[in-house]
Amino acid sequence: MSEGQKRASEVRCPEEGAVRLGSRTTYIRGGCERTPGRSRSRPPEGAARAGAAPGGRRGAREGSGAQGVRAARLREGRGASVAGMRPPALLALFSCSAAFALVSEEIKEKVTPSQDLRQSSLPRSHDIDLKEIVFVIQSQSNPFHARRAEQLRRNILRQAANLTQDLPRVLLLHQLAKQEGAWTILPLLPQFSVTYSKNSAWIFFCEEETRIQIPRLLETLRRYDPSKEWFLGKALYDEESTIIHHYAFSENPTVFKYPDFAAGWALSIPLVSKLTKKLKSEPLKSDFTIDLKHEIALYIWDKGGGPALTPVPEFCTEDSDPLCATTFHSFLPLCGMPVKKEEIFVAVKTCRKFHADRIPIVKKTWAAQASHIEYYSDYAETSIPTVDLGIPNTDRGHCGKTFAILERFLNHSHDKIAWLVIVDDDTLISISRLRHLLSCYDSSDPVFLGERYGYGLGTGGYSYVTGGGGMVFSREAIRRLLASNCRCYSNDAPDDMVLGMCFSGLGIPVTHSPLFHQARPVDYPKDYLSHQIPVSFHKHWHIDPVKVYLTWLAPSEEDQATQETQKDPREEL
Numbered sequence: 001m002s003e004g005q006k007r008a009s010e011v012r013c014p015e016e017g018a019v020r021l022g023s024r025t026t027y028i029r030g031g032c033e034r035t036p037g038r039s040r041s042r043p044p045e046g047a048a049r050a051g052a053a054p055g056g057r058r059g060a061r062e063g064s065g066a067q068g069v070r071a072a073r074l075r076e077g078r079g080a081s082v083a084g085m086r087p088p089a090l091l092a093l094f095s096c097s098a099a100f101a102l103v104s105e106e107i108k109e110k111v112t113p114s115q116d117l118r119q120s121s122l123p124r125s126h127d128i129d130l131k132e133i134v135f136v137i138q139s140q141s142n143p144f145h146a147r148r149a150e151q152l153r154r155n156i157l158r159q160a161a162n163l164t165q166d167l168p169r170v171l172l173l174h175q176l177a178k179q180e181g182a183w184t185i186l187p188l189l190p191q192f193s194v195t196y197s198k199n200s201a202w203i204f205f206c207e208e209e210t211r212i213q214i215p216r217l218l219e220t221l222r223r224y225d226p227s228k229e230w231f232l233g234k235a236l237y238d239e240e241s242t243i244i245h246h247y248a249f250s251e252n253p254t255v256f257k258y259p260d261f262a263a264g265w266a267l268s269i270p271l272v273s274k275l276t277k278k279l280k281s282e283p284l285k286s287d288f289t290i291d292l293k294h295e296i297a298l299y300i301w302d303k304g305g306g307p308a309l310t311p312v313p314e315f316c317t318e319d320s321d322p323l324c325a326t327t328f329h330s331f332l333p334l335c336g337m338p339v340k341k342e343e344i345f346v347a348v349k350t351c352r353k354f355h356a357d358r359i360p361i362v363k364k365t366w367a368a369q370a371s372h373i374e375y376y377s378d379y380a381e382t383s384i385p386t387v388d389l390g391i392p393n394t395d396r397g398h399c400g401k402t403f404a405i406l407e408r409f410l411n412h413s414h415d416k417i418a419w420l421v422i423v424d425d426d427t428l429i430s431i432s433r434l435r436h437l438l439s440c441y442d443s444s445d446p447v448f449l450g451e452r453y454g455y456g457l458g459t460g461g462y463s464y465v466t467g468g469g470g471m472v473f474s475r476e477a478i479r480r481l482l483a484s485n486c487r488c489y490s491n492d493a494p495d496d497m498v499l500g501m502c503f504s505g506l507g508i509p510v511t512h513s514p515l516f517h518q519a520r521p522v523d524y525p526k527d528y529l530s531h532q533i534p535v536s537f538h539k540h541w542h543i544d545p546v547k548v549y550l551t552w553l554a555p556s557e558e559d560q561a562t563q564e565t566q567k568d569p570r571e572e573l
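So in the UniProt record's numbering, the last spot in the sequence shown is 573, and the numbers never skip.
Hints may contain errors.
To be verified - In silico PhoX-like links for lysine-lysine, alpha-carbon gap of 25 Å or less:
hint, residue 1, residue 2
1, LYS303, LYS228
2, LYS353, LYS363
3, LYS198, LYS280
4, LYS340, LYS363
5, LYS416, LYS341
6, LYS303, LYS278
7, LYS274, LYS131
8, LYS228, LYS277
9, LYS280, LYS228
10, LYS340, LYS416
11, LYS198, LYS228
What the hints contain is simulated information worked out from the structure, not anything from laboratory work.
Could you build the full structure based on these sequences and the hints that come with them?
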C-alpha cells in the first residue's frame, strides 16, 4: 500500500535506513482561448495596484477574472465530477521524534566530532545552538524526490554531528501531514508553533537540492536576534508587473521582495507564533495558489502589518562567494540514460483559427525533437495534419478535448509508449530535456508531472498541474484516471483543474517540477531563472517565440556534454 493510500492516523516516520518510496494563475489558456489585447507592462482594468493588491488580492481573486470564472464553474460541476470519490484528507501533523532519535544516535556513533560549537571562535551575537534550528526540507512523496530529500537530511545530520552532540531536527515536508495543501507551508505553522516554540529559535526551510554549510548557516543566523520577528531569505523581485503575481505593485514591482526557496529561507519562532495567531483568527481563504514564494511573502507582510523579507547575502544559489551558507545544486536530472523519444507521445491542443500562426512556430522550433506528435483540433486540415476529435472548440476550458486525447492515447497508442505530454499550441518545450527529466521517474507508477498550482488548499481543496507549461502523464496514471468515474462536467470546464481534482480523489499526488513554466521568461525574475535549466515556457504575447526558444530551450553542445558527464543524482550527497 502506498503512502497516499494510508490512513491519516498512521505515523509515517521512516525507520533508520529506510527510504519511503511511493511519494493559475492563468487567465487565458493557450490552445483556443481568447487572446487579450492588453500590454504585458500594464495591468488590466481592475487589476491590483501598489499598496492595494498585496493584502486584498487573495480574497478578491475568486470573485473576478478568468480564474474566478473557473472557480465558479468548478463549484457547479464538482459534485458530478467526483461522485463516489473520497475527499482530500484533513490536516494531520505526525510526531517523528522516535525515528529521528534512532537516526540521530546512529549519526553520532559514526561521526567523531571535529569541533564543538560551544567552544568555537564563531561570532555569537545571539547565542543559539544547532538544536534550536528546525530544518524543514520541502520534499515530495514521489520516489525520486523522496530519495533526494532523504540524502539531504542525512547530509545535514552528518555535518551537525561533526560540530556538536546536540543534533537539530530535520523534517521532510511530505512526511509531516496527510493534508493535500501541506506543500503550501502556512497550514503547518500552527503545529510548528505548538511543537517547537519552547525549545527552538528558527524554522529553516530549503528545497531538496539546496546545499547547506552548517557552520556558516549557524554563524549567519546568530547575527539576528531570535526574540524578534524575522523573515530571512535571498531576495527576488519582479522587474515588471506580471500576470503570475496578479500585477501586484504594478506601479513599481521592484519594491516588493520575496524569497528564492532554492537558497533556503528562515522564520524566527516569534514570527511563527504571530502567524499562527493570524491563521486562527483569519483562516486561509479558499482561492488559488500560483507562486507560493510570492504569496507567502505577501501573507507575512500583511499590507505592512508584518515584517518584509530581510535579504541575507549568505543565502545563495550560486557557489561564487566563500561566505555563502547555502547554494543550490542546479542541474537537469538524469538517472541513467534519457528516456527514448519513441517512448514519449506529444499531443498539441489547437483549433482552426490558430492553425496558420501558431502551428508553424511549433514546427519551426521543437516539433522535430518528438518522435510521436499529433495536433488535435476542431477541424481536420490535411496539410498539417490535424485530428478532429469531434469535440467543438470552446473559448474557455478544454476538458472535453483533453479527456478525448487521454482516451485516444490509452486505447490506440502502443503500450511501449510510456509517457503522454499534453501542451498548448503556444507552449515552447524542450523534448530533449524532458527525456532527461523523465529518466528519474518510473512510468509504471502513476505519475502526473508539471508545474504545480493549487485551488482551495486552505479548506481541503486540491493541487493541479497548470496546463500551459505542459502536463506529463505516465500510462499508468491515465489508466487509473480513466478507470475511475471522474470526468468533465462540461466540455469547456478547465481541464487542468478537473484533472487535479480527479487525481486528488484517486490519491495520486501532483509531482512538481519548477522547470515547467506557465508564463514567458520575462514574467520571472532573472535571478530565479539563472539557476534553472528550463523544460518549457508558455505564451507568445509581445515576444518573439522563436527567439525565446533558441535562447532558452534549443538543444546545444552543452546539453550533450551534460548528458555524457552528469553525475547520477541518485548518488549520495
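Hints, one by one, checked against the model:
| no. | hint | result |
| --- | --- | --- |
| 1 | LYS303 / LYS228 | holds, 19 Å |
| 2 | LYS353 / LYS363 | holds, 17 Å |
| 3 | LYS198 / LYS280 | holds, 19 Å |
| 4 | LYS340 / LYS363 | holds, 20 Å |
| 5 | LYS416 / LYS341 | holds, 11 Å |
| 6 | LYS303 / LYS278 | holds, 13 Å |
| 7 | LYS274 / LYS131 | holds, 22 Å |
| 8 | LYS228 / LYS277 | holds, 16 Å |
| 9 | LYS280 / LYS228 | holds, 21 Å |
| 10 | LYS340 / LYS416 | holds, 10 Å |
| 11 | LYS198 / LYS228 | holds, 15 Å |
The structure meets every hint from the earlier list without exception.
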